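Just so it is clear: in the sequence shown, position 146 is 149 by our numbering, and no numbers are missing.
What the hints contain is simulated information worked out from the structure, not anything from laboratory work.
Here the structure is a predicted model, which means the values were calculated and not measured.
There may be inaccurate statements among the hints.
What the hints assert, rightly or not - Think about it this way: if two alpha-carbon atoms lie no more than 25 Å apart in a straight line, the pair counts; the simulated DSS-like pairs of lysine-lysine are: (1) K189 <-> K349; (2) K121 <-> K138; (3) K139 <-> K121; (4) K121 <-> K51; (5) K139 <-> K51; (6) K138 <-> K37; (7) K56 <-> K363; (8) K265 <-> K242; (9) K55 <-> K465; (10) K74 <-> K189; (11) K349 <-> K54; (12) K55 <-> K138; (13) K56 <-> K465; (14) K55 <-> K349; (15) K139 <-> K37; (16) K265 <-> K51; (17) K189 <-> K54; (18) K55 <-> K242; (19) K363 <-> K242; (20) K189 <-> K265; (21) K74 <-> K121; (22) K259 <-> K242; (23) K74 <-> K37; (24) K349 <-> K51; (25) K189 <-> K55; (26) K265 <-> K56; (27) K464 <-> K51; (28) K259 <-> K363; (29) K349 <-> K465; (30) K265 <-> K37; (31) K464 <-> K54; (32) K74 <-> K54; (33) K259 <-> K56; (34) K259 <-> K189.
Stated by the list, open to error - Have a look at the derived ranges for each label pair, beta carbon to beta carbon: (35) H111 <-> G192: 22 to 28 Å; (36) Q321 <-> R440: 36 to 42 Å; (37) C391 <-> L238: 46 to 52 Å.
We treat Cβ as the ideally placed atom computed from N, Cα and C, and that holds for glycine.
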Amino acid sequence: MIFLHKRLQSEQEHPKNKKDAVLLLKSPCQGAMKVLFIQPSPYGSDNKPIKKKQLYFVGLALPLLAALTPKDWQVEICLETIEDIPFATDADIVALSGMGHSIIRAIHLAQRFRSLGKTVIMGGYMASLMPDEAKKHCDAVVIGDAELVWSQVLQDYQQGCLHSFYEQQLEELDPPLPRYDLLLNKNIGDFLPVQAGRGCPKSCSFCSVHCLYRNRYYQRPVQAVMRDICSVQELGFQKFLLLDDNILAHPAALLKLCEQIKPLNMTWYSQCSIDIARHPDLLQAVAASGCRVLSFGLESISQESLVAMDKGWADPSQYPAMIRTIQDAGIDVSTEMVVGADGDTKESIARTADFIRENKIVVPRFYILTPIPGTDFYAQMLAQGRICNHDLYSYNGAEAVHLPQHMRPEELTTAYWQLYENVFSLRSIVERTIFRREFWQRPWDFFLYLLVNLYYRHHIKKRITPNIF
Numbered sequence: 004m005i006f007l008h009k010r011l012q013s014e015q016e017h018p019k020n021k022k023d024a025v026l027l028l029k030s031p032c033q034g035a036m037k038v039l040f041i042q043p044s045p046y047g048s049d050n051k052p053i054k055k056k057q058l059y060f061v062g063l064a065l066p067l068l069a070a071l072t073p074k075d076w077q078v079e080i081c082l083e084t085i086e087d088i089p090f091a092t093d094a095d096i097v098a099l100s101g102m103g104h105s106i107i108r109a110i111h112l113a114q115r116f117r118s119l120g121k122t123v124i125m126g127g128y129m130a131s132l133m134p135d136e137a138k139k140h141c142d143a144v145v146i147g148d149a150e151l152v153w154s155q156v157l158q159d160y161q162q163g164c165l166h167s168f169y170e171q172q173l174e175e176l177d178p179p180l181p182r183y184d185l186l187l188n189k190n191i192g193d194f195l196p197v198q199a200g201r202g203c204p205k206s207c208s209f210c211s212v213h214c215l216y217r218n219r220y221y222q223r224p225v226q227a228v229m230r231d232i233c234s235v236q237e238l239g240f241q242k243f244l245l246l247d248d249n250i251l252a253h254p255a256a257l258l259k260l261c262e263q264i265k266p267l268n269m270t271w272y273s274q275c276s277i278d279i280a281r282h283p284d285l286l287q288a289v290a291a292s293g294c295r296v297l298s299f300g301l302e303s304i305s306q307e308s309l310v311a312m313d314k315g316w317a318d319p320s321q322y323p324a325m326i327r328t329i330q331d332a333g334i335d336v337s338t339e340m341v342v343g344a345d346g347d348t349k350e351s352i353a354r355t356a357d358f359i360r361e362n363k364i365v366v367p368r369f370y371i372l373t374p375i376p377g378t379d380f381y382a383q384m385l386a387q388g389r390i391c392n393h394d395l396y397s398y399n400g401a402e403a404v405h406l407p408q409h410m411r412p413e414e415l416t417t418a419y420w421q422l423y424e425n426v427f428s429l430r431s432i433v434e435r436t437i438f439r440r441e442f443w444q445r446p447w448d449f450f451l452y453l454l455v456n457l458y459y460r461h462h463i464k465k466r467i468t469p470n471i472f
């Protein structure tokens with residue numbers, strides 16, 4: 004994912020100990036309280052929030068925050084992509100989560116609600132990476148994981164002494180059962196999210212997960228994950244999305260989890276390192292437990308680019324064989340890749356389209372490598388004077404904002420969209436989804452991939468970067 008953020012360093016604007024900054028409310032709150040959680044929709048190319056009839060991929064942050072909210076509070080969730088924002092809400096607190104460039108919409112919503120006299124809390128990846136900037140537009144910022152601070156935020160609000168910033172590092176990951184019930188009346192997909200782990204042991208220089216967690220990885224107890232999966236099934240869902248930045252981080256735990264998932268006869272999806280192809284027994288167990296799609300952050304087919312991004316442990320020459328191994332196990336492959344690293348040329352970016360087609364990647368996505376403040380890549384580009392656009396609110400992952408080594412920024416942007424055009428040509432789409440030997444084994448799955456690809460193609464024609472919605 005591409006995340007925008009900005010860390011201000013001025014100690015005059017905010018104290019060194021961020022928790023020392025306290026917002027004194029006009030009067031203590033009395034009676035029943037209510038919090039409205041909003042998942043903003045990113046802006047489209049027309050500068051309007053992207054709207055859809057159905058939100059297929061539902062985030063876990065808001066149902067989890069709702070579960071962390073004391074029972075004497077009323078809670079409501081709004082998913083802007085499929086719902087209208089209730090500006091006339093009777094909520095005492097409006098809590099906004101910012102993911103990717105939806106942070107821009109989150110800031111605009113924060114400004115609007117504050118003008119209506121509401122107390123606004125911001126959190127999520129983007130607010131965590133740009134807490135000082137986010138604080139300009141809200142009353143308090145939750146930095147990083149919310150589990151240990153959310154109840155304190157609400158208590159401080161009730162007592163009229165809300166702090167500006169809340170942050171406490173987890174020691175273990177053991178959240179309550181998410182409030183899935185708050186999603187059931189919404190037009191969502193046929194699966195729900197379940198978290199298995201958080202963070203990643205890898206150190207890719209451009210990665211926001213690494214920026215926040217710095218190689219920390221939290222593995223949830225298997226029984227806790229199973230509690231959530233069984234709850235999803237009890238609600239009538241036969242599919243789930245296993246959320247984890249890298250489920251391969253602890254192979255033994257993954258194997259145990261798969262053994263317990265298998266008897267449920269459910270279908271699931273997740274993401275992990277492509278190195279799972281090197282673990283044949285584990286791969287077979289994952290497939291046998293009902294996993295149908297795994298997403299892999301391959302990043303690039305250029306070894307030089309991977310080294311430049313501190314991902315030199317990956318070997319792109321082995322990607323085709325590893326992808327084939329995973330597909331032969333009955334698991335379809337989705338990928339995320341970036342273009343614009345120091346080893347990339349216009350020719351290598353063009354060859355990426357052939358790589359996607361030849362390896363029959365069912366759902367590929369691409370982003371332009373973007374220097375996110377706080378990451379090692381940002382520090383490197385800043386030190387080398389290679390950032391050519393300092394307007395952080397224009398960063399969207401679809402336009403070059405740094406000086407690539409082998410082309411001009413505008414050439415990188417052109418090559419990026421040409422890559423998308425080639426990958427989502429009708430020929431490429433049908434070769435990757437319909438014209439393949441596995442089609443007759445699971446025709447409905449591949450028909451769904453065809454529809455997803457055609458939908459992405461529609462967005463690309465409008466110059467909207469395809470994403471998970």
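Hint check:
At roughly 43 Å between alpha-carbon atoms, K189 and K349 are farther apart than 25 Å, so this suggested pair is violated. Annotation: proposed proximity of K121 to K138 holds, straight-line Cα distance about 15 Å (limit 25 Å). Using a Cα cut-off of 25 Å, the hinted pair K139 and K121 holds, with the two alpha carbons roughly 15 Å apart. For the hint pairing K121 with K51, the CA-to-CA distance comes to about 23 Å; that is within 25 Å, so the pair holds.
Under the criterion of a C-alpha separation no larger than 25 Å, the hint pairing K139 with K51 is consistent with the structure, at around 23 Å. Taking the CA atoms of K138 and K37, the gap is about 22 Å. The hint holds against a cut of 25 Å. Note on K56 and K363: the hinted pairing is violated, with a Cα-Cα distance of about 29 Å set against a maximum of 25 Å. Pair hint K265 plus K242 holds up; C-alpha atoms about 12 Å apart against a cutoff of 25 Å.
Between K55 and K465 the alpha-carbon distance is near 15 Å, which keeps this suggested pair within the 25 Å criterion. Only pairs whose Cα atoms come within 25 Å are accepted, and K74 paired with K189 is accepted, the gap being roughly 22 Å. Proximity of K349 to K54 is assessed by CA-CA distance (about 34 Å); at most 25 Å being required, the pair is judged violated. Pair hint K55 plus K138 does not hold up; C-alpha atoms about 30 Å apart against a cutoff of 25 Å.
Our distance criterion of 25 Å between C-alpha atoms is met by K56 and K465, whose separation comes to about 18 Å. For the given pair, K55 sits about 34 Å from K349 by alpha-carbon distance, which is inconsistent with the 25 Å threshold. Among the hinted pairs, K139 with K37 is consistent with the structure: their alpha-carbon atoms are about 23 Å apart, no more than 25 Å. Taking the CA atoms of K265 and K51, the gap is about 43 Å. The hint is violated against a cut of 25 Å.
Of the supplied pair hints, the one linking K189 and K54 holds, its CA atoms being roughly 14 Å apart against a limit of 25 Å. With a C-alpha separation of about 21 Å, the suggested pair K55 and K242 falls inside the 25 Å cut-off, and the hint holds. Restraint check for K363 and K242: the C-alpha separation of about 24 Å stays at or below 25 Å, so the hint holds. As the CA atoms of K189 and K265 are separated by approximately 29 Å, the hinted pair breaks the 25 Å bound.
Our distance criterion of 25 Å between C-alpha atoms is met by K74 and K121, whose separation comes to about 21 Å. With a CA separation close to 19 Å, the supplied pair K259 and K242 stays within the 25 Å bound. This hinted pair checks out: K74 and K37 have alpha carbons roughly 10 Å apart, not beyond 25 Å. As the CA atoms of K349 and K51 are separated by approximately 32 Å, the hinted pair breaks the 25 Å bound.
At most 25 Å may separate the alpha-carbon atoms for a hinted pair to count; K189 and K55 meet this at roughly 12 Å. For the suggested pair K265 and K56, the alpha carbons sit about 33 Å apart, so the restraint of at most 25 Å is broken. For the hint linking K464 to K51, the alpha-carbon distance of about 17 Å falls within 25 Å, and the restraint holds. This hinted pair does not check out: K259 and K363 have alpha carbons roughly 30 Å apart, beyond 25 Å.
Proposed proximity of K349 and K465 is supported: the alpha carbons are some 22 Å apart, at most 25 Å. Between the alpha carbons of K265 and K37 the distance comes to roughly 40 Å, so the proposed pair goes past 25 Å and is violated. The straight-line distance between the Cα atoms of K464 and K54 is roughly 17 Å, inside the 25 Å bound, and the hint therefore holds. As the CA atoms of K74 and K54 are separated by approximately 32 Å, the hinted pair breaks the 25 Å bound.
For a cut-off of 25 Å, the pair hint linking K259 to K56 is broken: about 38 Å separates their Cα positions. Proposed proximity of K259 and K189 is contradicted: the alpha carbons are some 33 Å apart, above 25 Å. Checked against the given bound of 22 to 28 Å, the beta carbons of H111 and G192, roughly 27 Å apart, stay inside it. Evaluation of the 36 to 42 Å hint for Q321 and R440 yields a failure: the beta carbon distance comes to about 22 Å.
Checking the proposed 46 to 52 Å range against C391 and L238 shows it holds: the Cβ atoms sit about 49 Å from each other.
Comparing the model with each earlier hint shows violations of hints 1, 7, 11, 12, 14, 16, 20, 24, 26, 28, 30, 32, 33, 34, 36; every other hint is respected.
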